[in-house]
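Engineer: Single-letter residue listing:
2 protein chains.
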Amino acid sequence: MKRTLNETNTLIDCGLGKIPCDYVLKNLKLVNVCSREIYEAKIFVKGKRIVSIDPDASLTAEREIDCDGMYALPGFIDSHMHLSSSMINPEAMAQAIVPKGTTTLCADFMEIANVTGAPVVDVMLENADKLPYRIAIEVPTRVPTAPGLETTGNIISVEEARKILSMDATVSLGEIAPAKILHRTDDNIQKICDSLNCGKIVNGHAVGCSYQELSAYASAGITDDHEQVEWEEALDRLRLGMHVFIREGSAERNLPMFVENALKLGYSFENTCFCTDDKHVHDIEAEGHINHNVNQAIKLGVDPITAISIATINAAKHFRVDQDYGSLTPGRYADIILCRSIEDIQPEQVWFEGRKVFEEGKVAVEKIERTYPEWIRDTVHFKRPITPELFRLPAPAGKSSVTVTIPELIKDQIVNKKFTATLPVKDGLVMRDPAQDIMKFAIVERYGKNGNVGVYFVKGFTLERGAVAYSMSHNHQNICVLGANDEDMSAAVNEIGRMKGGLVTVIDGKVIAKMPLTIGGLISEEVEAKNIVKQILAMNESAKVTGCTLPAPFMTLSFIGHPAVPQLAPTDMGLVDVATQQFISMIHEE
Amino acid sequence: MKRTLNETNTLIDCGLGKIPCDYVLKNLKLVNVCSREIYEAKIFVKGKRIVSIDPDASLTAEREIDCDGMYALPGFIDSHMHLSSSMINPEAMAQAIVPKGTTTLCADFMEIANVTGAPVVDVMLENADKLPYRIAIEVPTRVPTAPGLETTGNIISVEEARKILSMDATVSLGEIAPAKILHRTDDNIQKICDSLNCGKIVNGHAVGCSYQELSAYASAGITDDHEQVEWEEALDRLRLGMHVFIREGSAERNLPMFVENALKLGYSFENTCFCTDDKHVHDIEAEGHINHNVNQAIKLGVDPITAISIATINAAKHFRVDQDYGSLTPGRYADIILCRSIEDIQPEQVWFEGRKVFEEGKVAVEKIERTYPEWIRDTVHFKRPITPELFRLPAPAGKSSVTVTIPELIKDQIVNKKFTATLPVKDGLVMRDPAQDIMKFAIVERYGKNGNVGVYFVKGFTLERGAVAYSMSHNHQNICVLGANDEDMSAAVNEIGRMKGGLVTVIDGKVIAKMPLTIGGLISEEVEAKNIVKQILAMNESAKVTGCTLPAPFMTLSFIGHPAVPQLAPTDMGLVDVATQQFISMIHEE
Numbered sequence: 001m002k003r004t005l006n007e008t009n010t011l012i013d014c015g016l017g018k019i020p021c022d023y024v025l026k027n028l029k030l031v032n033v034c035s036r037e038i039y040e041a042k043i044f045v046k047g048k049r050i051v052s053i054d055p056d057a058s059l060t061a062e063r064e065i066d067c068d069g070m071y072a073l074p075g076f077i078d079s080h081m082h083l084s085s086s087m088i089n090p091e092a093m094a095q096a097i098v099p100k101g102t103t104t105l106c107a108d109f110m111e112i113a114n115v116t117g118a119p120v121v122d123v124m125l126e127n128a129d130k131l132p133y134r135i136a137i138e139v140p141t142r143v144p145t146a147p148g149l150e151t152t153g154n155i156i157s158v159e160e161a162r163k164i165l166s167m168d169a170t171v172s173l174g175e176i177a178p179a180k181i182l183h184r185t186d187d188n189i190q191k192i193c194d195s196l197n198c199g200k201i202v203n204g205h206a207v208g209c210s211y212q213e214l215s216a217y218a219s220a221g222i223t224d225d226h227e228q229v230e231w232e233e234a235l236d237r238l239r240l241g242m243h244v245f246i247r248e249g250s251a252e253r254n255l256p257m258f259v260e261n262a263l264k265l266g267y268s269f270e271n272t273c274f275c276t277d278d279k280h281v282h283d284i285e286a287e288g289h290i291n292h293n294v295n296q297a298i299k300l301g302v303d304p305i306t307a308i309s310i311a312t313i314n315a316a317k318h319f320r321v322d323q324d325y326g327s328l329t330p331g332r333y334a335d336i337i338l339c340r341s342i343e344d345i346q347p348e349q350v351w352f353e354g355r356k357v358f359e360e361g362k363v364a365v366e367k368i369e370r371t372y373p374e375w376i377r378d379t380v381h382f383k384r385p386i387t388p389e390l391f392r393l394p395a396p397a398g399k400s401s402v403t404v405t406i407p408e409l410i411k412d413q414i415v416n417k418k419f420t421a422t423l424p425v426k427d428g429l430v431m432r433d434p435a436q437d438i439m440k441f442a443i444v445e446r447y448g449k450n451g452n453v454g455v456y457f458v459k460g461f462t463l464e465r466g467a468v469a470y471s472m473s474h475n476h477q478n479i480c481v482l483g484a485n486d487e488d489m490s491a492a493v494n495e496i497g498r499m500k501g502g503l504v505t506v507i508d509g510k511v512i513a514k515m516p517l518t519i520g521g522l523i524s525e526e527v528e529a530k531n532i533v534k535q536i537l538a539m540n541e542s543a544k545v546t547g548c549t550l551p552a553p554f555m556t557l558s559f560i561g562h563p564a565v566p567q568l569a570p571t572d573m574g575l576v577d578v579a580t581q582q583f584i585s586m587i588h589e590e
Numbered sequence: 001m002k003r004t005l006n007e008t009n010t011l012i013d014c015g016l017g018k019i020p021c022d023y024v025l026k027n028l029k030l031v032n033v034c035s036r037e038i039y040e041a042k043i044f045v046k047g048k049r050i051v052s053i054d055p056d057a058s059l060t061a062e063r064e065i066d067c068d069g070m071y072a073l074p075g076f077i078d079s080h081m082h083l084s085s086s087m088i089n090p091e092a093m094a095q096a097i098v099p100k101g102t103t104t105l106c107a108d109f110m111e112i113a114n115v116t117g118a119p120v121v122d123v124m125l126e127n128a129d130k131l132p133y134r135i136a137i138e139v140p141t142r143v144p145t146a147p148g149l150e151t152t153g154n155i156i157s158v159e160e161a162r163k164i165l166s167m168d169a170t171v172s173l174g175e176i177a178p179a180k181i182l183h184r185t186d187d188n189i190q191k192i193c194d195s196l197n198c199g200k201i202v203n204g205h206a207v208g209c210s211y212q213e214l215s216a217y218a219s220a221g222i223t224d225d226h227e228q229v230e231w232e233e234a235l236d237r238l239r240l241g242m243h244v245f246i247r248e249g250s251a252e253r254n255l256p257m258f259v260e261n262a263l264k265l266g267y268s269f270e271n272t273c274f275c276t277d278d279k280h281v282h283d284i285e286a287e288g289h290i291n292h293n294v295n296q297a298i299k300l301g302v303d304p305i306t307a308i309s310i311a312t313i314n315a316a317k318h319f320r321v322d323q324d325y326g327s328l329t330p331g332r333y334a335d336i337i338l339c340r341s342i343e344d345i346q347p348e349q350v351w352f353e354g355r356k357v358f359e360e361g362k363v364a365v366e367k368i369e370r371t372y373p374e375w376i377r378d379t380v381h382f383k384r385p386i387t388p389e390l391f392r393l394p395a396p397a398g399k400s401s402v403t404v405t406i407p408e409l410i411k412d413q414i415v416n417k418k419f420t421a422t423l424p425v426k427d428g429l430v431m432r433d434p435a436q437d438i439m440k441f442a443i444v445e446r447y448g449k450n451g452n453v454g455v456y457f458v459k460g461f462t463l464e465r466g467a468v469a470y471s472m473s474h475n476h477q478n479i480c481v482l483g484a485n486d487e488d489m490s491a492a493v494n495e496i497g498r499m500k501g502g503l504v505t506v507i508d509g510k511v512i513a514k515m516p517l518t519i520g521g522l523i524s525e526e527v528e529a530k531n532i533v534k535q536i537l538a539m540n541e542s543a544k545v546t547g548c549t550l551p552a553p554f555m556t557l558s559f560i561g562h563p564a565v566p567q568l569a570p571t572d573m574g575l576v577d578v579a580t581q582q583f584i585s586m587i588h589e590e
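If you're matching them up, the sequences are chains A and B in order.
Start counting the first sequence at 1; every next residue gets the next number (this note's numbering).
Start counting the second sequence at 1; every next residue gets the next number (this note's numbering).
Check each hint, because a few of them may be wrong.
Note: identical chains are not told apart, hence a pair may lie in one copy or across any two.
[As the list claims (entries may be wrong)] Calculated cross-link-like contacts (lysine to any residue; reagent style SDA-like; alpha-carbon spacing at most 25 Å):
id	residue 1	residue 2
1	K530	S268
2	K2	L182
3	K510	R355
4	K48	D129
5	K163	E252
6	K362	S157
7	K2	K264
8	K18	E260
9	K2	E159
10	K500	V527
11	K411	R465
12	K514	E589
13	K299	Y267
14	K48	E464
15	K411	P388
16	K264	E37
17	K514	D129
For the record, the hints were derived by calculation from the structure and aren't laboratory data.
Keep in mind the model is a prediction, meaning the values are calculated, not measured.
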């Protein structure tokens, strides 16, 4: 992204007609998000950048490309997405988002950074100059999410964050948890200062704050948020000088709330951007990516130029990159969507940094075959052998039953609630109770650091036999496993160890389905996005054989041990009461 | 401007009510330029920054200040002003602009930088922590304006520019001349790359460009301009992704043009800021500074919140400092205007970085007495003694008259036009011709470098006797002198030498008025702005004694030798044809 002398000189020479442009796109209607107009224009391109949009320019071009009267709009920007929680590698992600017109993905690699630490950023950016879209880095701050309450593979130190902040590809310090601000953790405040002092911004993540807390949070220099669910929360943020990222992901769908209220009450969209936060590839395929946000906003009554501006120039200005992208104007990268309608945007062509990257329903650049470095493919290690005995839970001496406080899952939610149950004791061990739908759940530390195995019970998973396991328990990314017997739990965890990460379903000691996620234990190496989708769906199907009726059992599994998701979070270190961020005892001692 | 850990922690603690704020402004109507609302609020302040604007916050404050129901709006930002062409030092400037509500002045020190080079920036910022307003640096690029066509005191190199760009106080690379872009001068293109690559912007100055040239100019990464005089020029800039600085200075008054057209044609003000460029202190006193732009826009039909936004948050966002100022929101500096009306903004109080700096018609902070460093007070040096003989102009041998091409001044304009005249020759010397209003004009090199004295004739100054001289001939800042006889010209220049810079009027060998400008030969050391105004007016009066009828004779004088102002520019090195940037001969050789 650095601007160079040679590139700039070449642009100027092209613009003055001294040397020819590479090509000109003609016969098109330009959506100018700077002047907020649509008019007939040409787009002259040299190398990666736009030379001119002047229909009457006396310029030469080596090729003329007729756009058949289509609209030309700037490539879309997703202002916040967790690329590394999608299981998709950056190369395969291209197949999902580029056909939808996304040319910039502002990515927070928080999940995998908890495994690998800072070096993951370089790995994810390795193909930055070959990918048909741009990854803009939001430096992960939740590494770890809950220090002292979980074992993680790595942390990102102040010095490491500073180094990533200094990279060209970096646009911000990523979503920072309120606890890290409101409890004034110096390392995190220092990271904020460093980001602001090098001219970059700080993204918010103000879940569960009171207005007064939100205000204190904003005062630290945090200038956006994507966590507003109610209109009042959104308005609070606007009033405090924070931009609202209007989120429309797979689960969290906040767009209608914001758009309908803003239109009804007469608020401007000037301080808004679009994001998805988390969106499954099959949802992107079915309904779209950021173009879905744009289309939905238009359907709700936002005028198309404004909706397109939210997805382009608004984000570019907010991230302070508008000299480089976000509009189709001279000097900016040629990130261009060509489409027939601006009421329902379905790209016919997508151009990225001057290259045609999507056409006729297909990504038009070669698939990138790559081998990830060995260290990132080898992140699952056990300090001690995993055996069924590790999953036994002794009862207090002399008890024939025990009372426990455990998480009860809530349908279609990632939050759980505290549930008090009485469980039987047999041979001195606390037992499952299928009659109450209470199964054993464990978090197995998988960085080879301490061999922790936290054994718990969970109500409501609906599993009846066998076991399911996954090497991504948010956000410490230890192995989470839930099973009807200790042998299958042990077998499932061992299979994950053999695969070096992934998803497993075991029944009667036999692996009936598995999906390897070898990049950090979280991400697939598969180059075809659609194959990854198929594998995920097959894993969900396999879980049905255990009796589980949840629609996305592995995703549910991955959130049970999340120390920032209420109310209870069993980690490898203990049972966390999320509200107090303290450990509590699962088994009541009388 | 660096954000520090301690300051941030203190803000958070205040915001959570753990420690008291310094004070709270209450009973006020907050103009929130982020949500575009006006509502009743409180402003809690700790140190330099705003803690909270929540009227219901459970916070404590050491003092409560009742604002009697006044409006509270963010301090105004002048997005571009030539502080060093005003003759006023930064300390005295406070008395002019702070009472009008300006708390940030984006200053291009191009004029004095041509004398002193880069070190002037530190001198101008020396009292930055004491001044009641903020100087934001736009790194001067026109140093020199016309290399090879003028002798200047200094240049700013690529390395020096890079150093200034890295300073906290710097917001941009300053207005860059089109010639430096369109002729691809590598040093200047490199400065642009450096500014963009460190996250700062580049200001435009696209005088006299065709649309195609403007487009090539914009493609270099220049994202604003203040030089649009016609609506079509403004619209061109908006379409090219440049922000329009709506200028309303002493001479250039472009605001009604822009505002009336934008309102009539339905264009947004989102990509606009306000500036004055050049505004005399007596004009600021009489009609206002940026508040005048705001008030005039409102009078023309812009709604007050929008007009105030242009003067505040729009500029802050454009310069990428909106996390620090431009709105009254938590974490931003407490730069606050309190006023009774938002239709005609006349501040009753002004607060800057938490300090009350204006109240009851008076600047409320102590005047800053300072001594400028000796090197900047000693910038007028002659390589050889100045004598009347230096102003003689020999005719070609054997001629009884000569034909000359000379500048003819145009009333109320800084541009001139080529005029061909026949002048008498006496004793082998070319003579003045009072009958044609043609007097002698000279540029005397004053850096002690080469002793150049360029001697010319100029038509239209209306001087009949004596001589006037000024040590600021734009932008090389050599001494310009115009007189009815060579003896008075010599005397005037020598007086400037004795004063080490300033303005002089001489009649019959006697100095009848003078005004010292000892800081770089351009700026007064006087601490009272109003005394500077008095002195300027007295100098203009003194020029009348010479018979001159021009309203601002010294300003006119200072633009005659400007190599970027059409059509002819006599410099110390020769007569510049501004269009071709080549020297031409004044005296025609047959």
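Engineer: Could you figure out if K264 and E37 sit no more than 25 Å apart (CA to CA) within one copy, between two copies, both or neither?
Structural biologist: both (24 Å within a copy, 15 Å between copies)
Engineer: How would you classify K510 and R355 at a CA-CA limit of 25 Å: within, between, both, or neither?
Structural biologist: neither (49 Å within a copy, 73 Å between copies)
Engineer: Pop the pair K514 and E589 into one bin, within, between, both or neither, using alpha-carbon distances up to 25 Å.
Structural biologist: neither (39 Å within a copy, 95 Å between copies)
Engineer: Taking 25 Å as the upper bound on the Cα-Cα distance, should K514 and D129 be classified as within, between, both, or neither?
Structural biologist: neither (33 Å within a copy, 64 Å between copies)
Engineer: Given a CA cutoff of 25 Å, do K362 and S157 count as a within-copy pair, a between-copy pair, both, or neither?
Structural biologist: neither (41 Å within a copy, 50 Å between copies)
Engineer: Between copies, within a copy, both or neither: which fits K299 and Y267 at Cα up to 25 Å?
Structural biologist: The answer is both: 18 Å in one copy and 24 Å across copies each meet 25 Å.
Engineer: Under a CA distance limit of 25 Å, which applies to K48 and D129: within one copy, between copies, both, or neither?
Structural biologist: within (11 Å within a copy, 44 Å between copies)
Engineer: Indicate which option fits the pair K500, V527 if close means a Cα-Cα distance not exceeding 25 Å: within, between, both or neither.
Structural biologist: within (18 Å within a copy, 74 Å between copies)
Engineer: Can you give me the call for K411 and P388, within, between, both or neither, at a CA distance of at most 25 Å?
Structural biologist: This pair counts as neither: shortest intra-copy Cα distance 30 Å, inter-copy 98 Å.
Engineer: Cα distance capped at 25 Å. Does K48 pair with E464 within a copy, between copies, both, or neither?
Structural biologist: Cα proximity of K48 and E464: none, with 57 Å in one copy and 62 Å across.
Engineer: Please work out whether the CA atoms of K18 and E260 approach to 25 Å or closer within one copy, between two copies, in both situations, or in neither?
Structural biologist: Neither: 51 Å inside a chain and 38 Å across chains, both beyond 25 Å.
Engineer: Within a copy, between copies, both or neither: which one fits K2 and L182 at a CA-CA cutoff of 25 Å?
Structural biologist: Intra 36 Å, inter 21 Å, cutoff 25 Å: inter-copy only.
In the structure shown, a violation is registered for the earlier hints numbered 1, 3, 5, 6, 7, 8, 12, 14, 15 and 17, in ascending order.
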